[in-house]
Every structure is written in structure tokens, then in C-alpha cells.
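Respectively, the protein sequence lines represent chains V and U.
Following this note's numbering, the numbering of the first sequence begins with 1 at its first residue and continues without gaps.
Following this note's numbering, the numbering of the second sequence begins with 1 at its first residue and continues without gaps.
Derived from the structure by calculation, the hints contain no laboratory data.
Bear in mind that the values here come from a model prediction, so they are computed numbers and not experimental data.
Don't take every hint at face value.
To be verified - Cut-off 27 Å, straight-line C-alpha distance, at most; resulting in silico cross-link-like pairs (DSSO-like, lysine-lysine): (1) V:K70 to U:K25; (2) V:K70 to V:K181; (3) V:K181 to U:K2; (4) V:K122 to U:K173; (5) V:K222 to V:K181.
To be verified - If you want the ones that stay clear, here's a sample from chain V, every Cβ over 12 Å from chain U, calculated: (6) S46; (7) T174; (8) H202.
Stated by the list, open to error - Simulated DEER-style distance windows between Cβ atoms: (9) U:D212 to V:T174: 45 to 53 Å; (10) V:R171 to U:P172: 56 to 64 Å; (11) V:D117 to U:G149: 37 to 45 Å; (12) U:E57 to V:R95: 43 to 51 Å; (13) U:V64 to V:T66: 22 to 30 Å; (14) U:G28 to V:E100: 52 to 60 Å; (15) U:R63 to V:I12: 27 to 35 Å; (16) U:H7 to V:T30: 38 to 46 Å; (17) U:T51 to V:R37: 34 to 42 Å; (18) U:L24 to V:R171: 25 to 33 Å; (19) V:R171 to U:A99: 55 to 63 Å; (20) V:T66 to U:L59: 21 to 29 Å.
Glycine residues also receive a C-beta, built at the ideal position from the N, C-alpha and C atoms.
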Amino acid sequence: MTHSLYRLGGNIWGDDWVVIARAARGINDTGAVARLRRFLEQARVSGAINWGHGRGGSRLNADWKTMLAKLVDLATVTVVFDDSVRLEVFLEKIREMNLELSITVSGDIARIREICDRHGWKPHSGRQALGLFGGRECLPPSEVLCLTSQCGHGLIAGRRVEDMVARIRARELTPDEAALKLGRACVCGLLNPSRTVAVLRHLAERDESRRIIRKHQEIQNKYGLKL
Amino acid sequence: MKVNPSHCFDCGDCLSICPVDAILKQEGAISIDQSRCVECGVCWRTNVCPTSVFEPEDLPWPRVLRALFSDPAIEHRRTGVAGRGLEEIKTNDVCRVYAGDLVGVTAEIGRPGIGASFHDVQCITQTLAESGARLAADNPLMELFVDPGHGLIRPDILRERILSVIVEYLVPKADLERILRILIEASFRLSVPVLLSVAGVYAADGTTPYQDVLEEMALDCLPTGKINLGFMR
Numbered sequence: 001m002t003h004s005l006y007r008l009g010g011n012i013w014g015d016d017w018v019v020i021a022r023a024a025r026g027i028n029d030t031g032a033v034a035r036l037r038r039f040l041e042q043a044r045v046s047g048a049i050n051w052g053h054g055r056g057g058s059r060l061n062a063d064w065k066t067m068l069a070k071l072v073d074l075a076t077v078t079v080v081f082d083d084s085v086r087l088e089v090f091l092e093k094i095r096e097m098n099l100e101l102s103i104t105v106s107g108d109i110a111r112i113r114e115i116c117d118r119h120g121w122k123p124h125s126g127r128q129a130l131g132l133f134g135g136r137e138c139l140p141p142s143e144v145l146c147l148t149s150q151c152g153h154g155l156i157a158g159r160r161v162e163d164m165v166a167r168i169r170a171r172e173l174t175p176d177e178a179a180l181k182l183g184r185a186c187v188c189g190l191l192n193p194s195r196t197v198a199v200l201r202h203l204a205e206r207d208e209s210r211r212i213i214r215k216h217q218e219i220q221n222k223y224g225l226k227l
Numbered sequence: 001m002k003v004n005p006s007h008c009f010d011c012g013d014c015l016s017i018c019p020v021d022a023i024l025k026q027e028g029a030i031s032i033d034q035s036r037c038v039e040c041g042v043c044w045r046t047n048v049c050p051t052s053v054f055e056p057e058d059l060p061w062p063r064v065l066r067a068l069f070s071d072p073a074i075e076h077r078r079t080g081v082a083g084r085g086l087e088e089i090k091t092n093d094v095c096r097v098y099a100g101d102l103v104g105v106t107a108e109i110g111r112p113g114i115g116a117s118f119h120d121v122q123c124i125t126q127t128l129a130e131s132g133a134r135l136a137a138d139n140p141l142m143e144l145f146v147d148p149g150h151g152l153i154r155p156d157i158l159r160e161r162i163l164s165v166i167v168e169y170l171v172p173k174a175d176l177e178r179i180l181r182i183l184i185e186a187s188f189r190l191s192v193p194v195l196l197s198v199a200g201v202y203a204a205d206g207t208t209p210y211q212d213v214l215e216e217m218a219l220d221c222l223p224t225g226k227i228n229l230g231f232m233r
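Isolated chain U, as found in the complex (with noise of 0.2 Å):
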């Protein structure tokens, strides 16, 4: 995002508009930290500005990542999605990603409103690969890896910083346990939040795959989730 310091009278509306805190007072006049801008737009699209000081820009590769990963406007082209770029349970009746025992294992970073940078990712996937986890194919961040067997990211990108980045994984309910053991031990490990969720198909008497290895590893859930109420069954 560029500035336009010269058009700035002052009001100081748009100092407290940015998530992770990169527009700056300095002196009288208003600047962008770009090492921690990640690009999500919201400065120049809610029109805070009266006078428009915030302009986007075309941005360089690596940098652009930083836009697709966090600008909720744009679509990512491996899956259509635009944000962190999943389908998940949000099409499963038609696409039946997540079946019978297989469970999906998810892993938010940097989420909410704090932001990660690939290689807080990497130490995810990296120790996930290690364990022999399964990474979902239908994911934008696939694109991204050198070395997906080994959890590895291009070198090249490692110090971007995103809002939040998505890494999903298959799981078979018989190793459910044993994976979520390490992917809670990898994200604490992390200076940055992450959110994890599961998800799977119902079966006919209203189970799901991942409930009683919840409650056998006592993890006190969150009441919220979603549920695909499978109208396109």
C-alpha cells in the first residue's frame, strides 16, 4: 500500500483502522511500516482517508502474497476461494472431501488479528510432515512448497507476513490423537496464535468421527462450530 502524505490533513481517523497496527504517525506525517503491512487493503477500501492518502499498488513477487494470503477480494486461482482460499465443509455434501472416518485437521496462523509470516507456517507443516500427516491437496498454499513431503516452503518467501494462512490436513480417525498431540505441541512452540479445528461427515446416528477421541484426550472444546446441513445430499 502506498501513502500519499502530502494529501493528509490531520484528522488521525485512520491511525487506529489497520489490524496489525502499520500506519504510523512520524513527525506530522502519516506512513506505512511496510515490513508490517500484509497488503489486506482495509485502509483504502473502507475509505477511511476523506482525501485518499492510502493508494494500492501493483506489488512484486514475493510480496503479492501478502495480498492473496490476507485481501478477502481476492480469489486465490488453485481453488476459486478467495480469502484463505478452502472450500472445506462448506461444499462437503457435493464434495465429500471429508469421508467416513477420514477427519479434517486444520491449523489457523496468525489468526485473529495478529498475523504470521510463512515461516511460522513452515514449523507447523515441517513438524507435521515429520509425523507423517497428510496435507490436503485443495489448499492455495500448496503452490508454495519446494518440498511438500518434507513440509518445506520456498526459501524465498519465508519472512512474508500474512493475516492468516489455513494448513489443512487428512487425517484417518486411528491416528486422530496422536496428530492433534503434535500439531497442539508445534503451535505452542509458536510466538503467534493458532486456531485448530476438526471436521468430518455425521453418520447415520448423528456421530461424527472425531468426537469420542476428543473426549478421550479431554480437550475442552468451544461450543461454536459449523455444520453443513446437507441439503445437497
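With the rest of the complex left out, here is chain V (with noise of 0.2 Å):
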């Protein structure tokens, strides 16, 4: 998968990382159940905001006993974190815990290898995002996108952004009400509530937003979704 590779909007809603814990298939996920499920526990206790995995569920649509007995070894374990201190201190953390996972961090690039050379990291892989081809007429606007685009699976629809917005700004929901129940249509938790919150009440409470986002949709068409 590269479901957490286009996570767009950049650093303007602030900080948003994601790490992922995995078991390679047929070298080392024999008993990766009990690995993963440490992963998750460090995760929480060192401030992640959202976690799960596909089967069972994250932190805004299951319960925490749940999720962790859902774990199979071979589970994809996501977690989320909206600040680069506690992200770097849960990395030297699972460093130090040996768990015998591949551990992957999604996220702007400079950034990742500015921890990986303060620790002394030689990273192995990297994945570089291109960009957006194709046909991209049928996308919403770049700020829907932005949250759209936090669900790597797709699973969060750009009408389902403007229905909470709306239900915003008629008080029928706090921005962080409307957060949680967008969020619980992305299964894995790779949605970032922090982000959420943030994007949806600027989506709310600016008058003039249905006029920035036609203007925010020409600059993408103009310059290739570089928001």
C-alpha cells in the first residue's frame, strides 16, 4: 500500500506524521501479534492521536481491547501523531525496544531525515510522491482534499466533508463532533483529528470559504495540486 503517501495540505494545518509497523510475510511474522500490540501501547502512552489497523478498527470507531484482538501478525499497525517532539521520542523509544518490526514514517521528507541524522538513523527505503496525474476534473476542492486524502484507503467522501461543514456551521455539531464522525468512515485510524478539527471549523466559520475554495481550485488546476 501507499495509503499514507498523499496526505495533502502540507504543513499548513500542522504537523502530521504517520508510523507504520509491519512484519514481513514469511521472514519474521511468526508471533508478530505480541510486537505489534507493544508498538501500539508505546504508541499510546507516548501521545499518538489516532491508531489501528484494517481489521480492527481505530481509535475513533473501536474500542481499545478490540482493536488489539483484532491484531493478526501479518496486520499493517498505523499510528498518528500532530507533533514532531513526541514523534521523535516514540521513534528513539521503539528503537530502543527492538521490536523486530519494520518501522516506516510517512510525512514531509526533510523533516523525517532531519530526526534520522540528530539520532544517527541510516534510513533503508524511501518512497517519493510524485504528484497527481490522470484526470483530476471529478476531485473537490483542495481544502475537501485535504481531508479526504487523510483516508490512504479513499474511504472518506468530499460530500461527507461539506455535510459536516454544513452541520457546522448550522451548530448542529462541534468541530470536534464533526471530526469524530468523519473519522470513523477511515478504518485503519490514519486520520488526523488534530487536522480535522482544524480544517473543518476554518471550513465553518470563514464567510467567504465557498469563494476560496473555487479560488484554492484554480491554483491546483494551475499549478498541479501542489497545496
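With the hints as a guide, bring both chains together as one complex.
In C-alpha cells form, the structure reads like this:
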């Protein structure tokens, strides 16, 4: 999967990091459930703001015990941080724990490299997002895309984002409640709730948001979605 | 996905939950546009309906492929991985699929949130097959080819829709620019979005095999990506 590679919106909505833990099939997957569990427990005490895996659900749609109980050796486990200091402390701890799991970090590549350099870690492999090609006319506006791309499996609907914004404006929901409702669709726990609240609040509070979205769409089309 | 419209009390909350807008309300009744539905299971799994209007069902071939490629709770038999079914760089410090000057080139077709058909996928795989690019074998898509050498997918599934599919090629650095140019051109012939990425190993000096090729092509890459920290090295 490349499902955390294209989280659009950059740093303007705050820090956004995904850490992925996985065992390799047929190589070190035997008994991986216990190690994945320790990874998740450490993330929880280190200040991760979301977590989960495809089979077991996330912080926003499953309880902790159920999520852990559904772990399998080949689960791809993901945790989300909205603070680079917490992320760094967590990674240091995971390194010390020597869990025999492959650890991958998704986010701003230059900043991940800085963290590696500070700790003398030699990264093994990298994947670089090149951009969005093909037919883009049917995509939602960039700020909506910033939230729909939070779920790498594409399970957050653009129409749902617009619905949540309308309900915040109508004072039926707070931005926090709307973020929670939106995040329930993202089964793996990849959605960053802090960013989601910030974007929803922004969209709901600004009277001119619709005009701005149209403007962003124009920029997006002109420059190829590099917002 | 089945619906039980008689359970509906018309709250309307489900209408926006579907990522491909397949939930409809016609003459006061909820229904699902089965041709649009990709069987991702969001409407059912999120419990958006307090009266359980949505109900999963056993899917016949080839419709079951929609769920296999769109529902991240289902694992692919071939790879043991859920979702699009690839380990890619996430275990490369152990598996070493990308090594030396070999670059992984992926095209994710249909994302974000638009969806695609296997016909769209075949448009890419046929073009890349003509270019001589080598498909990465560890991909659930491989089981769906009738002729992988020519990039041809089973004709009986071409109309099936999925949320997205990843096609991956293993390309020697010397051939990377040519393959990327062909892939970009092929992507723009589709009406659905295509996300492209490259992957490779870091050399001792911290460079990757794709870095200078991307610079030479003047591709304006996104600042985001993934790094396998090499803790298992």
C-alpha cells in the first residue's frame, strides 16, 4: 500500500505524521501480534492521536481492547502524531525496544531525514510522492481533498466533508464532533483528528470559504495540486 | 451491499457517507446505485444508520473483486495484506525488493476517492507492457491478468469498479526516465486520477537511485513521502 503517501495540505494545518509497523510475510511474521501490540501500547503512552489497523478499526471507531484482540501477525499497524517532538521521542523508544518490526514514517521527507540525522539512523528505503496525474476534473476542492486524503484508502467522502461543514455552520455539531463522525469512515486509524478539526473549523467559520475554495481549485488546476 | 428501505426513517445521515456517491434517495426511499457501489463497506461498518438499513451480502464473481480492492478490512490471499495488498517499502529493510539501482514505480489508479475500473487499469498496464517494464510480482493484481506480458486483464472483470488499484513496476535506474515519461503520458489519457510514486534504497551517502533522475526530469515532486527507518537492517 502507499496509503499514507498522499496526505495533501502540507504543514499549514499543523504537524502530520504516520508511523507504520509491519512484519514481513514468511520472514519475521511468526508471533508478530505480541510485538505489534507493544508498538501500539507504546504509541498510546507516547501521545499518538490516532491508531489502528484494517481488521480491528481505529481509535475513532473501535475500543482499544477490541482493536488489539483483532490483531494478526500480518497486520499493518498505523499510528498518527500531530507533534514532531512526541514523534521523535516515540521513535527513539521504539528503536530501543527492538521489536523486530519494520518501521516506516510518512510525512515531510526532509524533516524525517533531519530526525534520522539527529539520531544517527541510516534510513533503508524511501518512497517519494511525484504528484497527481490523470483526470483531475472530478476531484473536490483542495481543502476538502486535504481531509479526504487523510484516509489513504479513500473512504472519506468529499460530500461527507461538505455535510459536516454545513452541520457545524448550522450549530448541529461542534468541529470536534464532526471530526469524530468523519473519522469513523477511516478504518485503519490514519486520520489526524487535530488537522481534521482545524480544517473543518476553518471551512465553517469563514464566510467567504466557498469563494476561497473556488480560488484554491483554480490554483490547484493551474499548478497541479501542490498545495 | 443490500439495503432494507423499509427500515429507513428518513434521517438522511447516510446520504453523504458513500465515497463514490452510490447512496440515493428516490421517491422517499433509500437505494444503492449498484453500478457505482464499490463494496467498500463504509455505509455498513460505520453504523451510520441506527436502524441497519445497510446489510453486507455474499458477492458473486466478479463483483467480489470490488470488495477485495476497496474494503481495507479484507486481506488478499496472494500477499496476506489488506487494502491494495502491497508491502512495498514498509518491509523493504527485510525483504529487499528494491535493491541497488532498482526503482519501484507505482501508479495508484482511481485515488483519491474517485474510483476506477479494471479497464482503466488495463490502459496503464498495456502501455507499460509495450514499453518492456517489468511488473512487480508481489501484487494481488497479478492473479487477474490473462496475459501479463501484454498487460491484458481478464475480459470478464474489465467493467468492475474499485476505489483504487496500485500497479507497480521494477525499473532499473538506467530506464527510469523513459518509463516515467511513458507512465505520465498514459495517465493523462485516463479520466480518473492517478497518483505516481517511486521507491528505492538509500546508498551509504544518503542518496537514492531515483533522486537525480527526478531532478533531471524537472519533476516538481510533493514534499511528502515515506521512509523505512531500517531498524531491521
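Hint check:
no., hint, in the structure
1, V:K70 to U:K25, "35 Å, violated"
2, V:K70 to V:K181, "22 Å, holds"
3, V:K181 to U:K2, "23 Å, holds"
4, V:K122 to U:K173, "22 Å, holds"
5, V:K222 to V:K181, "33 Å, violated"
6, S46, "16 Å, holds"
7, T174, "17 Å, holds"
8, H202, "19 Å, holds"
9, U:D212 to V:T174: 45 to 53 Å, "49 Å, holds"
10, V:R171 to U:P172: 56 to 64 Å, "59 Å, holds"
11, V:D117 to U:G149: 37 to 45 Å, "44 Å, holds"
12, U:E57 to V:R95: 43 to 51 Å, "46 Å, holds"
13, U:V64 to V:T66: 22 to 30 Å, "26 Å, holds"
14, U:G28 to V:E100: 52 to 60 Å, "57 Å, holds"
15, U:R63 to V:I12: 27 to 35 Å, "41 Å, violated"
16, U:H7 to V:T30: 38 to 46 Å, "45 Å, holds"
17, U:T51 to V:R37: 34 to 42 Å, "36 Å, holds"
18, U:L24 to V:R171: 25 to 33 Å, "28 Å, holds"
19, V:R171 to U:A99: 55 to 63 Å, "56 Å, holds"
20, V:T66 to U:L59: 21 to 29 Å, "25 Å, holds"
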